[in-house]
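Knowing the structure of chain U, use the given hints to seat chain S on it.
There are 2 protein chains.
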Amino acid sequence: MFFSSDEELDSAPPSNLRRNRSICQTPMMKSSLRWRHQKLPPHVSPSFWILRRGCMYLCRQLFRSLSTSNPFLLLPSKPRWMHQRLRISKMISTASSGDTKKIVGVFYKANKYASKNPNFLGCVENALGIRDWLESQGHQYIVTDDKEGPNCELEKHIPDLHVLISTPFNPAYVTAERIKKAKNLQLLLRAGIGSDHIDLKAAAAAGLTVAEVTGSNVVSVAEDELMRILILMRNFVPGHQQIINGEWNVAGIAHRAYDLEGKTVGTVGAGRIGRLLLQRLKPFGHDRLQMEQELEEEIGAKHMENLNEMVTKCDVIVINTPLTEKTRGMFNKEMIGRMKKGVLIVNNARAAIMERQAVVEAAESGHIGGYSGDVWDPQPAPKDHPWRYMPNQAMTPHISGTTIDAQLRYAAGTKDMLDRFFKGEDFPAQNYIVKDGEIAPQYV
Amino acid sequence: MFFSSDEELDSAPPSNLRRNRSICQTPMMKSSLRWRHQKLPPHVSPSFWILRRGCMYLCRQLFRSLSTSNPFLLLPSKPRWMHQRLRISKMISTASSGDTKKIVGVFYKANKYASKNPNFLGCVENALGIRDWLESQGHQYIVTDDKEGPNCELEKHIPDLHVLISTPFNPAYVTAERIKKAKNLQLLLRAGIGSDHIDLKAAAAAGLTVAEVTGSNVVSVAEDELMRILILMRNFVPGHQQIINGEWNVAGIAHRAYDLEGKTVGTVGAGRIGRLLLQRLKPFGHDRLQMEQELEEEIGAKHMENLNEMVTKCDVIVINTPLTEKTRGMFNKEMIGRMKKGVLIVNNARAAIMERQAVVEAAESGHIGGYSGDVWDPQPAPKDHPWRYMPNQAMTPHISGTTIDAQLRYAAGTKDMLDRFFKGEDFPAQNYIVKDGEIAPQYV
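Protein sequences appear in the order of chains U and S. Our numbering numbers the first residue of the first sequence as 1 and each following residue consecutively. Our numbering numbers the first residue of the second sequence as 1 and each following residue consecutively.
Pulled out of the complex, with its shape left as it was, chain U reads as follows (with noise of 0.2 Å):
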């Protein structure tokens, strides 16, 4: 549904809620949690995981029946398990405790579109549209676009909040430093998906608890990826300047359009976008080449091991994989040059997969024929930034994945981790990035 009239909205949250809660449960969810199982590192087998579980359980029944306050100043200066150990007895007791918490969120400012659609949820002025329910239960709910530098109104509640909520689109950053100010800090959650905007290694040393709405917005970005490759491959962008310039000319975009069908597309990382990308391609009739093995048999697509040889076949590259230490960087002026000249390059991942000037380059030289995605490095991106001013480029602020769907699923996501917190509960396993002092596998 995407009525714009507010009467129509009034009556459209539940249903949408509904549905959209739902994809959580379809088999598509249900296999991508499999592959997360997978994935974990070969030391850690599933029984592993289960004996440990039941450890912690009893561990909570424990903790359940103390009630410290506050545990860490207590024993400011411990070993690194008994920190974690102690992290999470705070974080059982208060919650089972019915102490009140200071929650902070950091979500992008609306000003004057705030009201113009009541599910408009992930900015400032509607804050996910939980304030009146946390205040119901005597938290404390402040909410800011205001995060960075020394005087920045996030830094002034870093010293006692204990809940951070962030979204992607104006992500507050989680240094070590901050975590080590943040005394009080026990979760951080990200409202959508992703990490990178947190030291994880601090986080995890840290104890804390760092978790996403899995699954919440990846049919947003897969379907935006698909926009933007069909954007790139028929040079959309200079066709509608044309149009608002008052001008005609057919030749300036027909020379260097194409169909998609036939052509070759490539995503590095086929995980919960990457796949749902590959399905909406698979009517193109086209090649379609990705990283994951096991996608195989499900979609068609043809596998390869080797990302050095993959791109060297691809008409088009979409990037689907987190941002890591492994994956910062890695479409450097080397692996660029690899590919066939012309190739468009869609990436809604992280911008910093990618060598910055290398894309520059590429694209004024023509070896990128057109380069599309969301994100930047950093983010909000400067107004000098050089990919606002490359050729080719059908670049935006980074939106893929807030739709007003989007912002319904990862509202309710958010909001469903808070009351399982509050009440001392375990989160969805997949909505997990740090648990217990360890980091999940793919974000290593």
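Source of the hints: derived by calculation from the structure; they are not laboratory data. Beta carbons are placed, not taken as given, at the ideal position from N, Cα and C, and that holds for glycine. Heads up, a few of these hints could be off.
Quick list of in silico lysine to any residue cross-link-like pairs, SDA-like style, CA-CA up to 25 Å [what the hints assert, rightly or not]:
hint, chain 1, residue 1, chain 2, residue 2
1, U, Lys116, S, Asn249
2, S, Lys116, U, Glu247
3, S, Lys109, U, Leu200
4, U, Lys116, S, Lys147
5, S, Lys109, U, Lys116
6, S, Lys147, S, Asp377
7, S, Lys116, U, Gly366
8, U, Lys109, S, Asn245
9, S, Lys112, U, Lys109
10, S, Lys116, U, Ser365
11, U, Lys116, S, Lys112
These stretches of chain U come out as covered by chain S in the derived footprint (C-beta under 8 Å, 3 or more residues) [said to hold, decoys possible]:
hint, segment
12, 106-120
13, 210-216
14, 222-234
15, 388-395
For chain S alone, coordinates are given in the frame of chain U:
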């Protein structure tokens, strides 16, 4: 393939041509042909057509033995049936006698873009790539983009041209008046699809043959439609505009960006293009509505008899019907008023199917939430065309069917029809728009 380097492009055309031609042999195309035959008026039974073709074959053999160079001039005042018969006779006789022809092609000028891509065939400079082939057979081939007004280049050649080729992107309007002047005219070829630039009744009355390269750009247009649906749904245009303006305001985009998943899309018309679109929409998992009953089983789309009812249910409406007297102005104020508030409309069919001012007013009031298409009335669109300046439009010049891939297909299809014309052979049946004084039923 979409290489932009000259070296790589040089090696590309033959394989591309082979691949693209094979598209006409897909099951989809075959079923389209069946469909077209099923759509013959009830009084024209298939057996009648077979029989008539048998007669035609005998007539042709008879006429091959004659070589009247211009029977039309010998009998200036004739009954309609004789007029037609004689035009046919002329076409066959001159073709088989090895007479040379004056062929005029009207395309768009590419200027500096013409040399950028050797497969960029649809422009004046590259002239479908058939100049050498035509001239080696002694035919005269004149190409221009100057097609309007009494002193234009086209007008000079009207009196003595035999064949007029035109694309939909810079159409040569063939009025009854021009047909009257064109005493030698036998064949009107559309390099591409569609015939609304021709007064078909006048062409039929004059016994002209009108044909298109059926199927040559259906994939291109269907892909482009999906792109436009996504561009409107995701509010892409203002997002990109922010980037090139040095801005960053996620809220300005996100407050009206939606997922396509779960929305209801309807196509008005489900011929070749419409059904390719429906196939491509299938993995998006939303409701699709359209008007062709037989597609229900094939693609799982729901058929609706009544357009007035269909438009009330759609979040997105795609126009995929030819412009005829029945469809001209079909989407007027009343029809748009029936649609959901905020409806998205994609129209790559023909602009005159919409009532121009009704679209502007509905876009300004917000009743139409977004309008995208590449068709205008007239073309090129004048600088002051209001669709250039209405809100939430994602318009381009007429480009959706002129990708490099489509150009290869329609250049090959045009050459094939010219070759058959010179040899006195029939065209592929599905290409005829007017034949033997009869207009194909879907254009009536």
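Taking the hints in turn, this is what the structure says about them:
1. Lys116/U / Asn249/S: With a Cα-Cα distance of about 15 Å, the restraint between Lys116/U and Asn249/S holds, given a limit of 25 Å.
2. Lys116/S / Glu247/U: holds, 21 Å
3. Lys109/S / Leu200/U: violated, 57 Å
4. Lys116/U / Lys147/S: violated, 48 Å
5. Lys109/S / Lys116/U: violated, 45 Å
6. Lys147/S / Asp377/S: holds, 16 Å
7. Lys116/S / Gly366/U: holds, 12 Å
8. Lys109/U / Asn245/S: holds, 19 Å
9. Lys112/S / Lys109/U: Violated: Lys112/S and Lys109/U sit about 45 Å apart, past 25 Å.
10. Lys116/S / Ser365/U: The hint holds at about 14 Å.
11. Lys116/U / Lys112/S: violated, 45 Å
12. 106-120: holds (count 9)
13. 210-216: Coverage by chain S is violated for the segment 210-216 of chain U (0 residues, Cβ < 8 Å).
14. 222-234: holds (count 8)
15. 388-395: holds (count 5)
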